Structure formats: C-alpha cells, structure tokens
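Undergrad: Given next are the chains, with one letter for each unit.
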Amino acid sequence: MAAIAARRGFGFALPALALLVAFFVMPVMWLLLRSVTEPGLGFQNYATLFGTATYAKVFLNTFMVAGIVTVITLLLAFPVAWALVILPPRWSMVLFAIVILSMWTNLLARTYAWMVLLQRTGLVNQILMGLGITDAPLELVNNLIGVTIGMVYIMLPFMILPIYGVIRQIDASVLQAASLCGATRWQALWRVLLPLCVPGIASGVLMVFVMALGYYVTPSLLGGTSHMMLAELIAQLVQSLVNWGLGGAAAFVLLVATLALYALQIRLVGLPKGAQ
Amino acid sequence: MTTPFLHINGIRKTFGDVVATDHVELKIAEGEFMTFLGPSGSGKSTTLYILAGFQEPTAGDILLRGKTLLKTPSHKRNIGMVFQRYTLFPHLSVGENVAFPLRVRRTPADEVQRRVKRALELARLQGFEDRMPANMSGGQQQRVALARALVYDPPVLLMDEPLSALDKKLREEIQHEIRRIHQETGVTILYVTHDQEEALRLSDRIAVFNKGRIEQVGTGPQLYNSPASHFVADFVGDSAFLTAEFTRASGGTADLRFADGTEVRGVPLHGADPKGRAELMLRPERIRLVPQPGAGPSLPVTIADITFLGNVTSILARTSWGEEVGIRLPFGHPMASGLAPGAQTQIEWDAASAHAFAARAH
Ligand SMILES: Nc1ncnc2c1ncn2[C@@H]1O[C@H](COP(=O)(O)OP(=O)(O)OP(=O)(O)O)[C@@H](O)[C@H]1O
Ligand SMILES: [Mg+2]
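From first to last, the protein sequence lines stand for chains A and B. Just so you know, we're using the numbering used here here: the first sequence kicks off at 1 and counts up by one. Just so you know, we're using the numbering used here here: the second sequence kicks off at 1 and counts up by one.
Bear in mind the hints are in silico, worked out from the structure with no lab data behind them. The reader is advised that the hints may include incorrect statements.
[Claimed, not checked] Taking beta-carbon pairs under 10 Å as the criterion, some of the chain B residues facing chain A (in silico):
no.: 1; residue: A52
no.: 2; residue: G53
no.: 3; residue: L70
no.: 4; residue: S74
no.: 5; residue: T87
no.: 6; residue: P101
no.: 7; residue: L122
no.: 8; residue: A145
no.: 9; residue: V217
no.: 10; residue: G220
no.: 11; residue: Y224
no.: 12; residue: S229
A quick note: this is a predicted structure, and the numbers were derived from the prediction, not measured. For glycine and all other residues, C-beta sits at the position ideal for the given N, C-alpha and C.
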C-alpha cells in the first residue's frame with residue numbers, strides 16, 4: 001500500500017523534477033564547469049578568490065552584513081510575532097495585512113522608497129533634526145546603515161512568519177503554569193517561551209541569513225562602495241569584467257555556504273515543517 | 001471567631017454580559033480537600049483562575065490566613081496548580097520540569113536535588129528523571145505536573161479537572177494517588193470536576209456549582225441525604241423525580257398528592273415557597289417493591305424494564321400517569337424474583353428517605 005502510494009507520488013513529482021534539473025541543476029553545473037575551465041583547467045579561480053585581499057574582504061563583509069541584518073531582524077520580528085498571537089483578532093488581522101502587503105509590494109519600489117526617506121534631505125533626517133536629536137543631517141544611505149535598514153525591512157516577514165507559527169502552537173496554559181511555578185515574566189520568556197520558539201527562530205534565522213548572503217538589489221542601491229557584498233561582486237565580475245570563471249567560482253562558493261548552513265540547521269533542529 | 005485558612009469572599013466575575021461566577025462564598029480549612037462540582041460553564045474554573053491570579057474578580061476578595069491575595073501577582077502567590085491539559089514544559093526533562101519552580105526561586109543546587117527527589121518519590125516517579133514529557137503517557141504526565149506543583153510546598157494546591165483526559169481505569173488509579181498524596185502532605189486542595197463519583201471519592205467537602213453560584217456545600221453524605229435543591233439532588237447521585245401537588249407544607253415537612261390521587265404525608269421539605277406543584281425525589285436504592293401497599297407511603301406501578309448490571313439489578317417502573325422511577329436491588333434479591341416487564345406491583349419507601357421540592361419553572 002505505502003509503496004504504491006509512494007511510487008504514485010513520485011510519478012506526480014517527475015515533471016517538477018525535470019523542471020528543477022533544467023532550470024536549476026543545469027545552470028549551476030554549467031557555472032561550476034566554467035569556474036574550473038576558464039581561463040584554464042584547474043582551481044586557480046578559487047585560489048584567486050580566497051587569496052586576494054579585496055575578494056576576501058567581500059566575503060567577510062557579506063557574512064558580517066548578513067549577520068547584522070539577521071540579528072536586528074530577529075530582535076524586531078519576535079515582538080511582532082508575539083503581538084500577532086496575543087492581539088485581539090481584529091488588530092492582529094490588520095498587523096498581518098501590513099506584514100503580508102509589504103511582502104507583495106515590488107522590491108525595487110520599496111528600496112527606492114527607502115532611498116528617498118533616508119537621503120540627506122529625506123523625511124528621516126528632517127524628523128531627527130526637527131526633534132533636535134541631531135543638528136546636521138546624518139549619512140544614512142550609501143553605507144552600512146542604509147543597507148542594514150533596507151534589508152532588515154525586506155527580511156522582516158520572513159522572520160516573523162516562522163516565529164509566529166511556533167508561538168501560535170504554544171499552549172497558553174504552559175505559560176500560566178510557569179507563572180504559578182514562580183517564574184517572573186522574564187524567567188518565563190527565557191526559560192519557557194524562547195526555548196519553545198527555537199525551531200521557528202532557527203528557520204527564520206537561516207532563511208534571512210541565506211537570503212541576505214545572496215542579496216543584490218538593496219546593497220547595490222542603498223550601500224556604498226566600501227561595503228561591497230558577494231552578489232555585487234559576482235555581478236561586477238560577470239557584467240563589467242566578463243570573467244565567467246571567477247564569477248562562477250564566487251557563485252559556487254555562495255551556494256556551498258548556503259547548503260552547509262541548511263545542513264547545519266537540519267542537524268540541529270530537524271527538517272522544516274512540511275518536509276518531514 | 002477565628003480567621004478561616006482560605007476565604008473566598010463573595011467573588012463575582014463577569015465577562016461582558018456573561019456572569020461567570022456570582023457571590024461565591026466559601027471558607028476552607030487548612031488541610032481540607034474541597035471539590036468544586038458542577039456542570040460545564042458553571043464557573044468552577046473561573047473561581048480557580050481567580051485564586052491562581054490569572055483573572056481578576058469583578059467584585060469580592062480572596063483571603064489566605066486573613067490576608068488578601070488579589071494584590072499579589074500569580075508568580076508570587078506560591079500556589080500550586082495542576083491543569084486539565086498537559087502543561088509540562090516540553091523542552092525539559094521530567095527532573096528539570098520538577099526542578100523548575102526551585103530554579104526560578106534560585107534555590108541552592110543541593111537543595112534542588114533533594115527536593116526534586118522527594119517530590120518524584122511522592123508521585124511514585126523514581127527513575128523517570130531523564131525522560132522527556134513527550135515520551136510519557138497522559139497519566140504519567142499529570143503525575144509529573146503534580147510533583148512540579150508540590151515541590152515548593154505550596155499552602156494551596158489547585159487542580160482543574162486534571163484527570164478528565166484519562167480513561168476510567170487510569171483515572172481511578174490516579175484518584176487513589178491523589179488521596180494518598182493529600183494524606184501524606186496535608187496540603188489544602190481545591191479540586192474541580194464535573195464527575196460526581198470523583199468528587200465523592202476524593203473530597204472532604206464538596207461545593208456544588210450551578211450557573212455561577214454555589215448551590216450547596218457539604219460532605220458527600222450530606223449532599224446525598226439532604227440535598228438543598230432540586231439541582232443538587234439531581235446532580236449528586238441518581239434519583240427519580242415524580243410530579244405532585246402540595247396539600248400541606250410547614251415545619252420542614254410536606255404532604256403531597258399524586259396525579260392518580262395517592263397521597264403521601266410527612267415528606268422532608270427543601271427550599272422556600274412550597275406552593276402549588278411539587279416534586280418528590282426518590283433514590284433508587286431506597287425504594288422497595290411490594291405486592292400490596294403496606295404501612296409506609298407507596299404507589300402502584302407497572303414494571304417497564306429489568307436490567308442486570310452484575311452485582312445489582314436495575315428496574316424501571318412506570319406510574320399510572322407515565323413518569324418513570326428507577327429501582328436498584330442487590331443481585332438475586334427476593335423482591336426481584338418472578339418480576340417481568342408488564343407486571344403490576346407497588347413501590348414503597350420510608351417517608352424520611354424521600355425529599356419534596358417546589359417544582360422548577362421550566
Ligand atoms: N475569558 C472568558 N471570556 C468570556 N467568557 C468566559 C471566559 N471564561 C469563562 N467564560 C464564561 O464564564 C462561564 C463560566 O466558565 P468556567 O470556565 O468557569 O466554567 P466551568 O465550570 O469551569 O466549566 P467546564 O466544566 O466546562 O470547565 C461560562 O459561561 C464561560 O463561557
Ligand atoms: Mg473548567
């Protein structure tokens with residue numbers, strides 16, 4: 001019975017599998033191939049990538065920006081997810097709509113909106129100066145601050161939703177029990193709520209970190225030249241320098257890093273829901 | 001007058017238009033096992049939650065040793081609670097679950113170890129320290145919850161239908177454990193259930209809840225033998241109610257006339273304003289079957305059904321005006337011999353074992 005069902009399920013999956021091979025596996029293999037064949041056979045592209053200080057700095061910077069973005073996103077997303085669960089249905093629906101709508105709005109449009117808001121004469125600087133928090137306008141774009149703000153904003157829904165998923169499944173009486181056991185709000189948060197949220201936090205963190213590692217639009221529009229990220233480097237190598245070998249190598253390193261992180265998550269907290 | 005150990009003083013709680021509890025008034029002695037018994041939605045949990053500090057009463061007060069509890073947040077009330085649903089912390093082992101209340105109190109490690117060991121012994125859970133809750137049965141989980149609630153020696157233990165998710169056999173087994181733990185620890189227990197058998201088996205006293213109010217408080221035998229209202233009589237134990245007419249009512253007794261003209265005199269009377277229509281309550285084990293009317297009150301009936309239930313025989317009789325009366329006899333009792341459905345006979349009872357109530361408005 002089970003075997004038949006499994007085989008039939010596999011049959012349905014065949015067209016999808018074919019698509020995956022055609023549009024995903026083949027281009028990746030092709031990139032990998034070019035990275036070890038251009039300009040000559042061998043691993044010299046990888047040696048260049050890891051051996052050159054400029055490129056190494058891009059790698060480091062990419063992981064740093066992705067890390068900062070992930071941490072800030074997590075800190076902001078947790079209270080929002082919590083609010084989505086405990087607010088009265090009407091308010092949580094409004095909040096949900098805001099979160100989802102921001103996901104559906106065009107990425108470029110949202111990034112340009114941040115450019116306008118964050119520029120020297122933008123709304124954010126005007127408010128800060130109006131409130132007397134600062135005298136001169138702050139540099140909020142074309143640097144790390146701009147990239148971080150823009151990316152955190154875009155990543156938030158991807159962190160909020162998985163955390164919301166786990167919090168919603170926590171039985172309120174477990175927290176009541178913690179309280180009667182003598183736990184203060186903080187103790188209940190640290191000792192009960194957060195540990196129970198770990199699967200959601202882990203998948204949110206992984207998703208955001210991985211997406212941030214490969215992000216292109218926001219860093220290139222809101223970031224400066226001093227904090228180049230890997231995707232920008234790849235674009236430059238391929239578009240301006242037409243160096244497919246080096247570009248392919250960088251892309252492949254990014255892919256391997258991503259897969260390694262995914263494997264780590266599976267080791268630590270198991271497969272994401274639905275994949276089991 | 002001495003201050004009661006725990007005083008639930010006129011608690012009222014409303015949710016919008018819904019009155020969850022109304023003037024709940026109860027004095028509980030130290031070490032007492034008090035059960036809240038009542039149907040769904042009668043306000044039992046609400047009362048317990050107010051004690052736990054999860055909800056604030058609209059009016060009234062909770063006094064522990066004469067001091068109000070209402071200003072103390074629930075994590076400082078030092079009250080223990082076992083919930084209806086399983087509320088163990090799923091990411092912690094059994095040992096760490098039981099240690100949790102001590103850890104948040106920053107108890108020294110050696111004392112934590114000593115107390116956890118003692119609590120696990122009390123709940124007969126030695127050797128389960130390292131199990132995860134997910135790998136335990138429902139009954140075991142509730143025992144862990146019990147150990148967790150008792151490990152910090154709370155003055156009061158609240159239990160909100162802790163056994164309702166378990167099957168009957170396991171339920172009885174854990175009822176036994178709860179009784180033993182109550183005797184060993186002497187902790188004051190407030191226990192919620194809608195199962196009258198459970199209430200009778202466990203409690204020193206029972207408070208019968210109905211529509212947010214306490215109808216009667218008393219020991220099991222008190223509730224059974226002298227129910228204060230139709231509701232209590234109906235809820236505690238099996239009983240038959242026969243409609244009748246008051247012909248006299250005064251001084252705690254009443255005379256009644258049935259629809260077929262039969263009269264009974266001197267029935268113990270409960271409740272006020274006994275005019276007009278009456279209800280006579282009969283317990284099934286207090287009724288005798290006799291061929292001819294004797295000295296006591298009696299009524300002609302037709303046997304409708306006979307069921308053998310192991311050690312007892314349950315007989316259903318029908319009055320001439322169509323109301324049904326259950327009778328319970330020990331298996332093989334001579335009164336049941338030779339009876340068959342359709343037989344004409346008499347039911348007879350002692351005047352003092354029946355109860356008269358004013359008929360409820362329907
Ligand atoms: N948070 C709430 N909001 C609105 N109404 C509530 C709330 N909690 C309880 N009630 C209402 O108060 C009444 C009493 O509820 P309560 O939970 O105390 O009953 P209960 O005796 O414990 O019943 P059960 O045996 O079903 O647990 C019910 O009518 C219930 O619908
Ligand atoms: Mg309840």
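Undergrad: All hints, please: hold or fail.
TA: Going down the list of hints, with the structure as the test:
1. A52: 6 Å, holds
2. G53: Holds, about 8 Å.
3. L70: With a minimum Cβ separation of about 15 Å from chain A (threshold 10 Å), the hint on L70 of chain B is violated.
4. S74: 5 Å, holds
5. T87: At 4 Å from the nearest chain A Cβ, T87 of chain B passes the 10 Å test, so the hint holds.
6. P101: Holds - the Cβ of P101 of chain B comes within 10 Å of chain A, reaching about 4 Å at its closest.
7. L122: 17 Å, violated
8. A145: Holds, about 8 Å.
9. V217: At about 25 Å, which exceeds the 10 Å cut-off, the nearest Cβ of chain A leaves the hint on V217 of chain B violated.
10. G220: 29 Å, violated
11. Y224: 33 Å, violated
12. S229: Violated: closest Cβ of chain A sits about 33 Å from S229 of chain B, beyond 10 Å.
Violated hints for the displayed structure, listed by number in ascending order: 3, 7, 9, 10, 11, 12.
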